[in-house]
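A.B. asks: Chain residues, written in single-letter form:
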Amino acid sequence: MHRLKALSAPPVRIEFEGQEILAQPGDSVAAALLGAGHWQFRTTPISGAPRGPWCMMGVCFECLVEIDGAANRQACMIEVREGMRIQRQCGAADIGLDR
Amino acid sequence: MKNQWQIAVVGAGPAGMAAATVAARHGARVLLLDEQADAGGQIYRGVRRQGLADKSILGPDYYRGLELVSELAASGAEHLPGASVWQISPELEIGISQAGQARLLRAEQVIIASGAQERPFPIPGWTLPGVMTAGGAQVLLKSAGLAADDAVFAGSGPLLYLIAHQYLRAGIPVRALLDTTPRANYRRALPHLPAALLRLADLRKGQRWIADLQAAGIAFVRGVEDLKILGDQRVTGVAYRRRGAWQRLATQRVFLHQGVVPNVNLAMASGCTHRWNDSQLCWQAQTGAWGETDVPGIAIAGDGAGIQGARAAEHLGRIAAYGALERCGHLSAQERDRVAASPRRALTTELRIRPFLDALFRPARQFRIPGDADTLVCRCEEVPAALVRESVALGCAGPNQLKSFSRCGMGPCQGRLCGLTISEMIADLRGVAVAEVGALRLRPPVKPLLLEELAELTVACETISGGR
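These protein sequences, in sequence, are chains A and B. Heads up: the first sequence begins at 1 in this note's numbering, then just goes up one per residue. Heads up: the second sequence begins at 1001 in this note's numbering, then just goes up one per residue.
Please keep in mind that the hints were generated in silico from the structure rather than gathered at the bench. Cβ atoms here follow ideal geometry from the backbone N, Cα and C, with glycine treated the same way.
Partial selection, computed: residues in chain A whose CB lies under 10 Å from chain B:
1. Arg3
2. Gly26
3. Ala31
4. Ser47
5. Pro50
6. Pro53
7. Cys60
8. Glu62
9. Ala70
Partial pick of chain A residues on the chain B-facing surface, computed with a CB cut under 10 Å:
10. Gln24
11. Trp39
12. Ala49
13. Arg51
Let the sequences and hints guide you as you build the complete structure.
C.D. replies: Pasting the structure below:
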């Protein structure tokens, strides 16, 4: 995607699937990932089909990712924080019952 | 528990900001609850910290939001950002979740200003990564200054043209605009044109957007009769049918839009009676002259009670606030009527264009009731159109029964992306009115919260009532 304004200095550093991404303070996690070219955020629990953000306003629940180990987080509703670790949510969420 | 607030407003878009501002100015203790970090709603999303140097990209209509935000800030209303409302009980106990903690608050009067969401657009491939609503693309532009090169914009309605025009102003290449507005709509809208001419500036604005897009050499294809998104794991293109012939375009990004509909989940789950609006093809709450619903103490203002647009939402917010102020004793009935006269006049003028817009941009049947068997109706539970048809053939009479047949509407979005489609599909298959088929029954919590938050709720509740 095109960034119409330059990233502020210092940017926020986050990690997606182990890869560093620079984001703008105030960006949602979804905006940061899309800005870095990632459009697939998860696979569905039913068929395993790939999905990514649809509405960007919290109504569709398509942008669910795992953030710092917590599943089912709405990437479009959560702001980036320095050091955040984000993973694709593949299939059904792991709610950590085995841990 | 004591009432901490006289008036609670849910949603900080134009209706909610205007309602909270007016109510606080009249001396009420007002709490404005909103999910986002900043006031503005979706229409003025990110307006306070908008970082685009070129103000002409988003345009003056967008920066109108700044005035509303500063009036709110000066009004004395308490604004609680980052707070999602997951329930309003009949006792007007408001369940909120903020920063991972759930709380219950009490207010004498509640104004729901939940605004609108985009209408579902169930076509083949609409779930592929790379397909987004045009409104979603605009949120990216407003809140993060992000835009996608060579996207295809497809669908119908002023918002679609506006966003494509904003892309043009920003110098972002647009692959094509595929207009699905049915040709017959132009004729059907004609009788409403004289009234709309009283809003000539608005009509001209829309015409100018389209003329500018065409003048810039962007492929502007009118009369698109059918649409498919191509690709397996991600978008690779679109196919569209025009005058009976299929065409293809290669693209990695598709932004879809066919109008907005009221965001009804909170009001429906709070027990407010809704009816089917056949000219806007959506459910809307039954409201009175002051936005009041049939649930005592709950009023609805703005697009949440029927699509009227952002400027009308401001007026509706003020009118609802005056009504609530009268109900909690801040205004006499005469004072209320006197102060409400001005927003009522402004509203009447604002609404003159609406019947024309509703008729012109009434989405085509094939984009609301999928004809293709494999098109997903329910994105969450991956229910294809064929399964809805089979269920109805087996005797399934309505959306709530369809849940047991197919799990349709039972996923995390709680029917927000399939509710309208299934009500319309079932009505169509049974040959009855949508009103007869009804809507999905919605229940709290209408927003996700952790079990942990619920479990800690009683403690939090005591803390609040003891603390104040």
